[in-house]
Amino acid sequence: MSSGVIETITMTGQQAVSAALFEAMEKDSKVLVFGEDVADREGGGVMGTTRGLSTKFGDERVKSTPIAEQAIIGAAIGAALGGYKPVAEIMLMNFTTVAMDMIVNHAAKLRFMSGGQSAVPITIRTLTGAGFQTAGQHADHLEAWFCHTAGIKVVCPSNPADYKGLLLSCIADPDPCIIIETGKTLFAPGEVPVDQGPIPLGKARIDRAGTDVTLISYSSMVLVCQAAAATLEGLGISSEIIDLRTVSPWDRGAVLASVRKTGRAVVVHEAVRSFGPGAEIAATIQEELFGALKAPVRRLGAPYSAVPFTKPLEDAWLVQPADVVAAVQSIMK
Amino acid sequence: MSSGVIETITMTGQQAVSAALFEAMEKDSKVLVFGEDVADREGGGVMGTTRGLSTKFGDERVKSTPIAEQAIIGAAIGAALGGYKPVAEIMLMNFTTVAMDMIVNHAAKLRFMSGGQSAVPITIRTLTGAGFQTAGQHADHLEAWFCHTAGIKVVCPSNPADYKGLLLSCIADPDPCIIIETGKTLFAPGEVPVDQGPIPLGKARIDRAGTDVTLISYSSMVLVCQAAAATLEGLGISSEIIDLRTVSPWDRGAVLASVRKTGRAVVVHEAVRSFGPGAEIAATIQEELFGALKAPVRRLGAPYSAVPFTKPLEDAWLVQPADVVAAVQSIMK
Amino acid sequence: MTTHPNTPTPTPDILLDIYRRMIRIERNDDATRRQIKLGRLRMPYYSARGQEVIPSAISAQLTRDDTICTIYRGIHDMVAKDMPLRPLWAEIAGRVDGTCKGKGGPMHLTYPELGIMVTTGVVGSSMPIANGLAWAARLDGSKRVSIAYFGDGASNIGAFHEALNLAAVWKLPVIFVCQNNGFAEHTRYENGTGCEFISTRAAGYGIAGETVDGNDPYAMYAAAHEAIRRAREGEGPTLLECKTFRFMGHVFGDQDKYMTDQEKAEALAKDPLPAFRAHLIEQGIASEEQLAALQTGIEAEVADAIEFGLASPFPSVEELRRDVFATEIPA
Amino acid sequence: MTTHPNTPTPTPDILLDIYRRMIRIERNDDATRRQIKLGRLRMPYYSARGQEVIPSAISAQLTRDDTICTIYRGIHDMVAKDMPLRPLWAEIAGRVDGTCKGKGGPMHLTYPELGIMVTTGVVGSSMPIANGLAWAARLDGSKRVSIAYFGDGASNIGAFHEALNLAAVWKLPVIFVCQNNGFAEHTRYENGTGCEFISTRAAGYGIAGETVDGNDPYAMYAAAHEAIRRAREGEGPTLLECKTFRFMGHVFGDQDKYMTDQEKAEALAKDPLPAFRAHLIEQGIASEEQLAALQTGIEAEVADAIEFGLASPFPSVEELRRDVFATEIPA
Ligand SMILES: Cc1ncc(C[n+]2csc(CCOP(=O)(O)OP(=O)(O)O)c2C)c(N)n1
Ligand SMILES: Cc1ncc(C[n+]2csc(CCOP(=O)(O)OP(=O)(O)O)c2C)c(N)n1
Ligand SMILES: [Mg+2]
Ligand SMILES: [Mg+2]
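Chains as they are written, first to last, in the working numbering: chain A, 160 to 492; chain B, 160 to 492; chain C, 1265 to 1595; chain D, 1265 to 1595.
It is possible that some hints are incorrect.
[Unchecked claim] In silico DSS-like links for lysine-lysine, alpha-carbon gap of 25 Å or less:
{"no.": "1", "chain 1": "A", "residue 1": "K453", "chain 2": "B", "residue 2": "K343"}
{"no.": "2", "chain 1": "C", "residue 1": "K1435", "chain 2": "B", "residue 2": "K215"}
{"no.": "3", "chain 1": "A", "residue 1": "K470", "chain 2": "C", "residue 2": "K1435"}
{"no.": "4", "chain 1": "B", "residue 1": "K453", "chain 2": "A", "residue 2": "K492"}
{"no.": "5", "chain 1": "A", "residue 1": "K215", "chain 2": "D", "residue 2": "K1435"}
{"no.": "6", "chain 1": "C", "residue 1": "K1521", "chain 2": "A", "residue 2": "K215"}
{"no.": "7", "chain 1": "A", "residue 1": "K453", "chain 2": "B", "residue 2": "K470"}
{"no.": "8", "chain 1": "C", "residue 1": "K1301", "chain 2": "A", "residue 2": "K343"}
{"no.": "9", "chain 1": "B", "residue 1": "K343", "chain 2": "D", "residue 2": "K1301"}
{"no.": "10", "chain 1": "A", "residue 1": "K189", "chain 2": "D", "residue 2": "K1407"}
{"no.": "11", "chain 1": "D", "residue 1": "K1435", "chain 2": "A", "residue 2": "K189"}
{"no.": "12", "chain 1": "B", "residue 1": "K189", "chain 2": "C", "residue 2": "K1407"}
{"no.": "13", "chain 1": "B", "residue 1": "K189", "chain 2": "C", "residue 2": "K1435"}
{"no.": "14", "chain 1": "D", "residue 1": "K1301", "chain 2": "D", "residue 2": "K1521"}
{"no.": "15", "chain 1": "B", "residue 1": "K453", "chain 2": "B", "residue 2": "K492"}
{"no.": "16", "chain 1": "A", "residue 1": "K453", "chain 2": "B", "residue 2": "K492"}
{"no.": "17", "chain 1": "D", "residue 1": "K1301", "chain 2": "B", "residue 2": "K470"}
{"no.": "18", "chain 1": "B", "residue 1": "K215", "chain 2": "D", "residue 2": "K1521"}
If you are wondering where the hints come from, they were derived from the structure by calculation, not from laboratory data.
Can you build the whole structure from these sequences, using the hints too?
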């Protein structure tokens, strides 16, 4: 944190994504943007996130596609092999299920399987998250699948500045990245430095410094941890919040340093708890800090079910600040 | 373990699978078998596993399919909704990547999303495993993905008797199951009780009793643990091997009871270690047995890369008995 | 309104039955949009206003046991298949008396009792599942047919191709009904689809295919009649492309900015509902009063369903552990 | 051997060039099977013996920069595109001098220098990627064409459909070359595919499609010529269905039990290699001696490659941490 005033603008995550795309396309003529409805003829994306790009950069660099996610990721891979830097949009994360072969068997593996000859610098932008009553097929957090896949980076911004900085890094990265947007973070406003540049992948951010417990999170659950930390502060408990930013490869150094200090850790994500990303983090902490922990590492995530439609169940399904508070209290005794 | 002699026959895992299929089709006319090349006209499966079924049960209950994994799993789901018990084969586990929508968004979720109206009692048989130089797109252990998916059971036999008993249970189960075969266990012979019936899902098996350390494993890695345990015995270390049999939902009771006794645990699987199934097990053990552990829970799995082709790299990629021995030794000090 | 050249001509009873289904769809859709606007319902809503003829002309020829698999824009398909409105409304309101106890919501309504088997939110995914239901029908030795409803955009995704080919090779009693409303979200048909008529694709599977005016009850009736006959008689699948228009855009709140006002006005002018109503009266198939009474009855049914649905309690949190598996997940 | 009615007729030089590629494929294939039998190579091997004409007639018309994406049964496609044999053999032997340092093996050979971009083991997956390469070619303002090779069985999977439709809508300079050898593993064409000719499917995307005798160098030359012209001139994609036969079954060791001896004998009798050789001599395009010398040269090249490949060292274990990402994974 340097001294001096940083000039910022208030914008939403969506505006930050848009700004990053404009900037990346402007700077590098190899950057391409495509996906369902992304061109201006189709309204610049169903959410309007890509609005203006095709008008500015032309119909050949910004293309709407048929509904065909295998074809979308395949085209991204091929264009990348041809020297381009495609940013492909999969409208919602659940629809990656029809493109897993392209993402996992091809994008993630071609560099390795070709002995380093084939780089696949693609960025997959996708959106997900419960809380909008879109039910079981439109809100899954599937990042654990991609974290378990060697060769693809998994990036999860939680605020507008990170949306911009991390997306710029994904686009510039020489390897495939999947960057996960969420409804809750995409439309929340925040301060973005005027000259916000790339934010390094694989490095966590200390969202809040504290001494008693480390809350490890990413994506929209950072907001939940922030609310919990405020409550915990009132109860005399000081929380350090680590926003992973990149879930794979994750910043072991930052996490272990914090937990070494606090002696306690709670991992919080929206994804289903069982076999979720939190398991890797908890398993690593206990292995690396055995004997130094004051309490077992706790994990919070969704219960083992599909995302329910009805509001009361959806609320109960999602980790709430009170759940984080209770988990922390359970290990403070 | 009852007294009295159990009459057994020696057979391979493949013969056990075949026996289970014959028996299930014989007993229940609702059982269907289908997949690429499974009918006798096509040679009864490229491995011959389904040989004889179509001749015996007819071309309508045993069907070969086009190469179309989405259509295969879709047909299984539809037939299940129509009251049948389909056993669908996905030739190799990497090809589940083209059927993830059907498996995850539909098979696993329809019961929940329909409020209990739609049962999807399908069994997906698939084959995988490194060691045969089939390289990066034919040998992945992707069970972690399915373990993280609510609503589908993940079953991993390690020996011929379990192949038969677990497959019978999958077919009879009222919910979707994926049962994972591996080249290394499918062709190894073993003793199968003559009247081998269903083996309950969700229950682990103590493969070997011991007192110093618990080795938790499943599928072909049980064989690796057995070899390691023999070596460790020579070094004066007594290992208990737990064969999970079902990886989701897994038998927490059996694992925790064993680790409570030994105070040490090593989880061993072939899947990539990062964000692999072992993370869930390790995270749970440290949470439930905090303070009772003599050492951190160790995890062994494949390094973070695609499966390599060349033999020396493939051998190095796979967990070997020596790796298990070294991991155990590192926590015995 | 032209009559379709193919035999048979629908009887007056059938025509009235088609109309009854259409108006029930339309009144229910209107009420849904009204309740959302009033803030009494909160849900993503994909209105099928304008597409009423398609499932109505089909359902008038289906039995209770024939099955359908449909999509997020599929409430019209269900209402056409006689879905009772009370559990429908309870479901879209997220209540325990809903068809899915509130767990599925408007995109996943299910009612197997009447053959409403699957509603998917994933483009294309109704088709592979419909094949399995068709296979089950044949295994049962029944004459049941299986219908897969889907949109024009869905015909460009892999699942369409795999499903049609498998159905062809297995000669399944399934009918693939493409409701071609000219748009996939904001993408115009011709900007997403390589061929002029989706029905052209049938030849690539060696199956029957036809493009029909999906706003014409006679044409739809005849095309569906032939497809259903084919399926019931074991002659294999059919691909029906039914041309229509979605009056309310993609999703509730859509501004339709991706089309011109004129284009939209022209499409709206072809509203099949008032046209068919006028035709029935003109032809003496029904009187003005008869149709008004029919409508009043349906409006009462809808009003009752709304009150029932909104009065039903929300499910309890324990429901998260139920229906994941047949056996409840331990707490 | 019939000549194809379409213009142009290949010049003698081109015919000889096609033959050279064919015999290079065949000699290399023969050597591979021999080395496996000798136990000097251990790998899953999908011989393309019998399919030599297809990529040879195409490659004779490609530039170095034109790209191909192929499949596990694709070594013939690479050899036709002038893949040097030394790194090929080092790769199939799993050695560090292999094209992929031994990491990819026979199913994933890659050689971007000569436009050999992707070899996939997943049925259908060459096609969506070939589209991206075609897009890149057009973005570059080049006249490069992108070829996707695949089998008849692959034409039934979703990726085929999505790729052909996207290529059509985007009018990409891509050629989809289906090597229809009549079988997908053990499944006969007609038992997996709904239509008599895969080329029929082109109409469903509004693109050009043609069924060609893939064993006839003239017919293949002409069909490829037109498809390449179309692509280079910005007229969009082509689907070529090339009928052929795989002499060695699906995978090395296959017993071909799913076909009759007679059927197999008939297919083998249509071996395109001796027929084309005889034709060249008969037509005075080449002499017996010339072709013998060509063959000897190729055999020497193959022999050299084998020794080179088998003498190359295995990669070190550190290679597991390299090429996962651009930056090496820390130990
Ligand atoms: C696999 C997949 N990709 C994308 C989406 C997002 N999506 C929902 S509806 C839709 C348009 C579908 O258009 P069409 O098939 O014509 O049906 P319509 O909505 O017009 O009835 C899209 C792209 C989805 N649900 N599933
Ligand atoms: C998605 C997928 N499903 C199944 C397989 C297994 N498999 C490998 S080759 C093959 C047959 C392919 O036949 P075809 O496309 O005709 O090509 P050919 O082998 O005849 O050249 C199958 C089913 C696979 N590799 N990928
Ligand atoms: Mg549409
Ligand atoms: Mg073939």
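Hint by hint, here is what the structure shows:
A threshold of 25 Å between alpha carbons decides the hint, and for A/K453 with B/K343 the separation of about 43 Å lies outside it, so the pair is violated. A distance of roughly 22 Å separates the Cα atoms of C/K1435 and B/K215; the hinted pair therefore holds under the 25 Å criterion. For the hint pairing A/K470 with C/K1435, the CA-to-CA distance comes to about 43 Å; that exceeds 25 Å, so the pair is violated. Restraint check for B/K453 and A/K492: the C-alpha separation of about 22 Å stays at or below 25 Å, so the hint holds.
Restraint check: the Cα-Cα separation between A/K215 and D/K1435 comes to about 22 Å, which is no more than 25 Å; the hinted pair holds. Taking the CA atoms of C/K1521 and A/K215, the gap is near 19 Å; set against the 25 Å cutoff, the hint holds. Between A/K453 and B/K470 the alpha-carbon distance is near 45 Å, which puts this suggested pair outside the 25 Å criterion. Distance hint between C/K1301 and A/K343 is fulfilled; the C-alpha atoms sit about 23 Å from each other, no more than 25 Å.
A C-alpha spacing of about 23 Å is found between B/K343 and D/K1301, which places the hinted pair at or below 25 Å, so the restraint holds. For the given pair, A/K189 sits about 18 Å from D/K1407 by alpha-carbon distance, which is consistent with the 25 Å threshold. Of the pairs offered as hints, the one joining D/K1435 and A/K189 holds, with about 20 Å between alpha carbons and a cut-off of 25 Å not exceeded. Distance restraint check for B/K189 and C/K1407: the Cα-Cα separation of roughly 18 Å lies within the 25 Å cut-off, and the hinted pair is therefore satisfied.
Between B/K189 and C/K1435 the CA atoms are separated by roughly 20 Å; this keeps the pair inside 25 Å, and the hint holds. Restraint check: the Cα-Cα separation between D/K1301 and D/K1521 comes to about 21 Å, which is no more than 25 Å; the hinted pair holds. Among the hinted pairs, B/K453 with B/K492 is consistent with the structure: their alpha-carbon atoms are about 10 Å apart, no more than 25 Å. The hinted pair formed by A/K453 and B/K492 meets the criterion: a straight-line CA distance of about 22 Å does not exceed 25 Å.
Taking the CA atoms of D/K1301 and B/K470, the gap is near 18 Å; set against the 25 Å cutoff, the hint holds. At most 25 Å may separate the alpha-carbon atoms for a hinted pair to count; B/K215 and D/K1521 meet this at roughly 19 Å.
Of the hints listed earlier, those the structure fails to meet are numbers 1, 3, 7, in rising order.
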